[in-house]
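K.L.:
This is what each chain is made of:
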Amino acid sequence: MIYDVLISPFTEFEFMRRALAAVIALALGGAPIGVFLMLRRMSLVGDAMAHAILPGAAIGFLLSGLSLFAMTAGGLIAGFTVAILAGLVARNTELKEDASLATFYLASLALGVTIVSIKGTNIDLLHVLFGNILAMDNPTLLVIACNATITLIVLAVIYRPLVIESVDPVFLRTVSRAGAPAHLAFLALVVVNLVNGFQALGTLLAVGLMILPAGIARFWSRDITGMICIAVVSAIVAGYAGLVLSFQTKVPSGPAIILVATLLYMASVLFGSVGGVIRQMFPGRHLEA
Amino acid sequence: MAAQLQFRDVTLGYDRHPAVHHLGGEVAPGALLAVVGPNGAGKSTLFRGIVGILKPLAGSILTGDLDVRDIAYLPQTADIDRSFPISVFDFVGTGLWRSTGFFGGMGDKRAREKIAQALAAVGLSGFENRGIGTLSGGQMQRMLFARVLLQDARVIVLDEPLNAIDAKTSDDLLALMRRWHAEKRTVLAALHDMDLVRANFPETLLLARGPVAWGKTADVLTAENLLEARRMCEAFDEGAAACVVHDVPSRAA
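Protein chains in written order, with the numbering used here: chain X, 81 to 369; chain D, 383 to 635.
Bear in mind the hints are in silico, worked out from the structure with no lab data behind them.
Warning: the hint list may mix true and false statements.
Derived SDA-like pairs (lysine to any residue); straight-line CA-CA distance at most 25 angstroms [what the hints assert, rightly or not]:
1. D/Lys496 with D/Asn511
2. X/Lys176 with D/Ile462
3. D/Lys491 with X/Lys176
4. X/Lys176 with D/Gly422
For clarity, every value in this text was computed on a predicted model and none was experimentally measured.
Please construct the entire structure, taking both the sequences and the accompanying hints into account.
P.N.:
As C-alpha cells, this is what we get:
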C-alpha cells in the first residue's frame, strides 16, 4: 500500500522519474540562492525578477512557438538585462536595489504582456504562467541539470565575497574589488534559477522553490551553512511529496509542490527550534550564564 | 620620510556640497592621529575618502605605495547587518581576507590560532560560536577590533571607535591603538573625548567641515580653536555659489 502510493509512481512511469530528477536539480540550485535572497532581504526581488523573465520568454514564444529552448534563451536574456540594469542603477545612483528593480520589472512585465497579446492563445499562456513539470522531456531536463551545476560552481566561487557583502558591505569594499562582480554574478544566478524554475513551475511559481525552503531553513538553523543544507533538503522533500500528491489526486504538479512547501513552512513557523512560535511560548528554564 | 597619506587640497562631500573643504597636509608613517570636531564636521567623510569608498569632489588623497588591503577601516557599527547568521569566529576570520582571499581556508590550524589570538587580545575568548546578533555594543566593537588586528594593515582608520563604550572597554581598545602605534603602524581615529585625546594622541586634526587646526595635540586643542570649530554651520546651502578657491594655504603641521 505505502509502496503503491510513494514509490510505484516513480518505478512505473518515466515522466515521473524525469519530474523527480528535475525537482532535485531545482532544489540543489535554487534553494541556496533562495537562502541568500532571504538573508539579503531580497525575497520579493526574486519574485519581481520572475516577472522580468516574461517578455524574453514571450519573444521566444512569438518567434518559434512553444519551443523550450527559444523561451529559455529569451528568458535568460530578458532576466539578465533587467538584473544587470537594476544592479548598475542601484550601485551608481541613490536609488536602492528594490526600487530600481521595481521600475525595470514593471516595464518588462508590461512589455511581456504586450508581446503575448500579439500572438498568444490562453492555453499556451497557461503553460508559460504555471509550467508543467510532468511534461518534461530529456533536453529540458538536461538544461535544468546543467543550470543547477553552473549555479553550484559559481556560488562556490563567489561564496565568501557574497557572505561578506551581505553582512558588512563596507568592509568588503575596503579590502577587495570583488563586491560588484560577486553581486552581479549572484543576480545572474537568480535569473538562471528562475528560468530553471520557470520550466517546471511557470513564471508565477518559479520563485517558490527558492524562497519557501529558505524560509523553512531560517527556523531550524542559526548559521548559513546549516540553512543552505536544510533549505535544499526541504526543497527536495517538498518536490517529491508534491509530485506524489499531484499523481494521486490530479492536482496540478506546480501548485502541489508549492503547497507542500507551504505546509512545511507553516510547521516550521510553529515548531521550529530557532524562534518558532511554540519554542517562544515554552522556552524552558533560563540558564545560569 | 615620505608621507603615508597626503591630502592635496582635497574637498570631499556629497552631491557637490563639501563636507570637508580644502584640506591639505600629510600624515607621516607611524603617526597616531586623532581626528576631532563636532558632529557633521566631516570626520567620517574624510575617512571614507581615505579608504577609497568616496571620491573627492576636488583635489586628491595620495596613498603612495599602499594597496587597498594595506588600509584597515573600522566604520561606525551601524553599517553592519547584525541579523545575518554568522558566528563571531567567521566574522573575525574575514579579517584574514588578505591571506585567504576567495578560497583560502579559515579552518586550518594556523588560521584558527590567529583568530583565537585576535579574540583573546580583545577579551572575547569563548565567544567564537556566538552569533554576532547576540553581542552587546561593547562586545561588537571588540570584535571589530579583533578583525582589524587580523587585517595586519599598515594604516588603520577607526571611525568613532569609542562611541557608547564603557571605561574598561575604552581603556582596552586604547591600549590596542597604542600597541599599533608602537608597531609603527599609522593610526587615525575619530574621537569626541578631548581629555582622552590629550592623554593618548600626540597629533590631532581639528575639523569643522574643513581644517581648523592640525598639529601637536596641545597646540590644536586650544580654547580658541575649539570655539571656532563649535561655530561651524552644519547646514548645506542650496543657493551657494560654485567654489573657485584654488590655492588655500595648507594648515599642515
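K.L.:
Going straight from one Cα to the other, do X/Lys176 and D/Ile462 come out at no more than 25 angstroms?
P.N.:
Holds, at roughly 17 angstroms.
K.L.:
Holds or violated: D/Lys496 with D/Asn511, Cα cutoff 25 angstroms?
P.N.:
Satisfied, since the Cα-Cα distance of roughly 16 angstroms is no more than 25 angstroms.
K.L.:
Just to be careful, I want the Cα atoms of X/Lys176 and D/Gly422 compared with a cutoff of 25 angstroms; is the pair within it?
P.N.:
holds (24 angstroms)
K.L.:
Is D/Lys491 close enough to X/Lys176, meaning Cα to Cα at most 25 angstroms?
P.N.:
The hint is violated at about 41 angstroms.
Hint 3 from the list above is the single one not met by this structure.
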